[in-house]
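Engineer: Below, each chain spelled out in residue letters.
Number of protein chains: 4
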Amino acid sequence: MLLHLKSLIEDTDTGAGRRFDLFTQIVIVISLLLFTIETLPELRDYEAFFGLAEYLIVTFFTIEYILRVLVTEHKIAYVLSFYGIIDLASVLPFYLTLGIIDLRFVRVFRLFRLLRIFKFTRYSRAWLRLKRAFLDVKTELILYTVLTLLLIYLASVGIYYFENEAQPDKFGSIIDSMWWAIATLTTVGYGDVFPITTGGRLFTFFILLVGLGFVSVPSALLASALSKEAEPTNEPD
Amino acid sequence: MLLHLKSLIEDTDTGAGRRFDLFTQIVIVISLLLFTIETLPELRDYEAFFGLAEYLIVTFFTIEYILRVLVTEHKIAYVLSFYGIIDLASVLPFYLTLGIIDLRFVRVFRLFRLLRIFKFTRYSRAWLRLKRAFLDVKTELILYTVLTLLLIYLASVGIYYFENEAQPDKFGSIIDSMWWAIATLTTVGYGDVFPITTGGRLFTFFILLVGLGFVSVPSALLASALSKEAEPTNEPD
Amino acid sequence: MLLHLKSLIEDTDTGAGRRFDLFTQIVIVISLLLFTIETLPELRDYEAFFGLAEYLIVTFFTIEYILRVLVTEHKIAYVLSFYGIIDLASVLPFYLTLGIIDLRFVRVFRLFRLLRIFKFTRYSRAWLRLKRAFLDVKTELILYTVLTLLLIYLASVGIYYFENEAQPDKFGSIIDSMWWAIATLTTVGYGDVFPITTGGRLFTFFILLVGLGFVSVPSALLASALSKEAEPTNEPD
Amino acid sequence: MLLHLKSLIEDTDTGAGRRFDLFTQIVIVISLLLFTIETLPELRDYEAFFGLAEYLIVTFFTIEYILRVLVTEHKIAYVLSFYGIIDLASVLPFYLTLGIIDLRFVRVFRLFRLLRIFKFTRYSRAWLRLKRAFLDVKTELILYTVLTLLLIYLASVGIYYFENEAQPDKFGSIIDSMWWAIATLTTVGYGDVFPITTGGRLFTFFILLVGLGFVSVPSALLASALSKEAEPTNEPD
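Residue numbers (my numbering), protein chains in the order written: chain A, -6 to 230; chain B, -6 to 230; chain C, -6 to 230; chain D, -6 to 230.
Bear in mind the hints are in silico, worked out from the structure with no lab data behind them.
Among these hints, one or two may not hold up.
Any copy, or any two copies together, can satisfy a pair, since identical chains are not distinguished.
What the hints assert, rightly or not - Calculated lysine to any residue pairs in the SDA-like style (CA-CA distance at most 20 Å, straight line):
1. Lys163 with Ile30
2. Lys124 with Glu35
3. Lys221 with Val84
4. Lys124 with Thr141
Given the structure is predicted, the values throughout are model-derived calculations rather than measurements.
Could you put together the complete structure from these sequences and hints?
Structural biologist: Written out as structure tokens, the structure is:
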């Protein structure tokens, strides 16, 4: 019977295994939808319904988690694996809130529930290629992240000296100026903060000229690595 | 005579065939221009003229569609093909409105008329290369679209918790927060919604650091595939 | 003496030729600077000075142009070449304004004067590589430009139907809506127009999801072609 | 004893050398943090504390600099090297302010202190790859920077003619219009300046169509070069 369960939970190529996977995925999507809808101010009267749904979903995921631990051969490996931790994190916050008074803070942990969705792509080849491509350029990505952080800091310091006097409310300190640096170097440009002095504008131009050549390199690198991983010669498996 | 028509409609390398194609394309462009100008508030008095023009254009496209069905050897294949459906969709809404009272809604179907323009590139080699490049990276594109959707959801949930209290009108629910997530992760940044709390700003920075490396990967991948398809060795045809 | 002039004007590897080139380039930069400063409201009193400077610069360029025509062996080829037309366009507007009453309109032609600066890179290898890379991907670039224009049109039509009723002043017609489509699909997002209805926002999201994968492909393609052209094996010259 | 110091300062593979490097790096990070926090309006009362901390940090860096000069064999080479200049620039502003009255201006030099952080990656392989990739595409990057500057100038001139009359306060001169050109071509789009005339909007569209294909090419080129440098065959060291 345990062997039957094992096949049901772990296999993805048998009919029953597929149906179980599909069912789990539907429950995940429903739990995400409920979690999203719950925040709508119009639906705050239906709190009881959302509480009940959450109760049922957590029950299902708890049983699923216990079964997964039971049927797997490498129990500790599963529990400590990425998906093992996610599976546990999907249910643990619910139990942790039972005895605690401040419930608001714990709800933040529900964010992890979203990660359940990664199970969808667990066995996907494309996901593996993405992971391999990511590892291929890991060093450059870290270097680029550090350089981007440095550039954002440099930009924040520079704009502070140029704009602090003209706009003391928006560029009050280097830390305040960082918000501008982030919005500018990512080219989001909300428009809530922007330089108004000639010096600040020239500095912005200079920083963008240097910065844009930096900020978009990581994604181009990742795409290049992915493109290589996707080539037939690199894929004997 | 049918053979003559067949050559006129289907061939693109005979003089008459080219002239027919050119004429059809000009009619398409005119119909698009009329459709666009029709919405100008200044021209609402000329409704009768637009109605007449629409009548003539639909007549032409109807005759063209019937002829295309008549001359082709694989009638069902054409009717069910991408261009067959577009050709029919270009005229059908006009007839469907005749007996229906609510005309406003049906006008939306006219959007499909725009797709006629794809006929211009029907035989183009570059179009085929684009299609092949697209198929080459189809799996990664789907994976990336899913990951981008997940990231947008995660960003929406996160910003909701950070900004909901400070800006309940703009970040009223997770669904409302999604509009911010879309505008931010695509770097459009209209500036109608943006975080004002320190936590929300830090979260935005973190999400952008991760997100920008994701959102622009698909186009880089597609470009890389296109670049490979465009290489002489890959193009024996 | 003509031979001496020929060497002075056409050669770039003799001392005198280099000095002549440098002098010409400095005059170009000065003329650009004057053209820029002239528009400053604070300097409108110095009109006479700018008029005199313009007079001197045009005189120099006129003499230069005549000499270039005189010394070259392939006179007609030069006059009809890209640089020949630019050289003439740099001085012609000045003479054309002498007998014409409306001077404002003609000043627009001065824009072409800016193109003189391309002479700086006339013999540059990198410039040739860029030109070759551009030709390599010309077909795809044209296809992508057409597709981008179609997408912008489609986006304009769509947003018109979603937002016209809610914001008739900003999305008054399909033509008005195009301004939104351009600002959004290029991710500039000024924030002067943006959707406020749920339908319009969902449509924006969908258009961006499709559009971003399109709009940034041309530059990635060009970069890929440039990268290939820059490889040693492709550069025997 | 000098030999011992030499090993301590210059080596990164001995235990003592590593600990010295780590300590230096921590001091750099602390000095950056203090520099950042110092600008917070809330902490302006703690000026004495920041002054003392700065005094201690400069003392440490001064001793470090003197030791570096003493232990190295190629003294002049070090002093004139990139890191030699940065090391000196980290302490020099402090001493320069001692005798000068206007202290505000000198604080700007503290910006260079940030560059100390580059020492972290001094021996990193990825940093070398980045440097080599940068040199590989140096010519194209310079060409592209020049072309981008030209495009920004052209865009500024064009928008000035279109928008000057309609918005004389925002597009008062070509120089003022440059701010718009920078914000637009980098796709930041703060939203403080944007065209309102039909001509200006059409021009913006045209400039963006051409410009976006230019502005993002440098980063794609750099990524492509980096991708090549990261290949195993190119990395015999």
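Engineer: Checking against the hints above, which ones are violated?
Structural biologist: 2, 3
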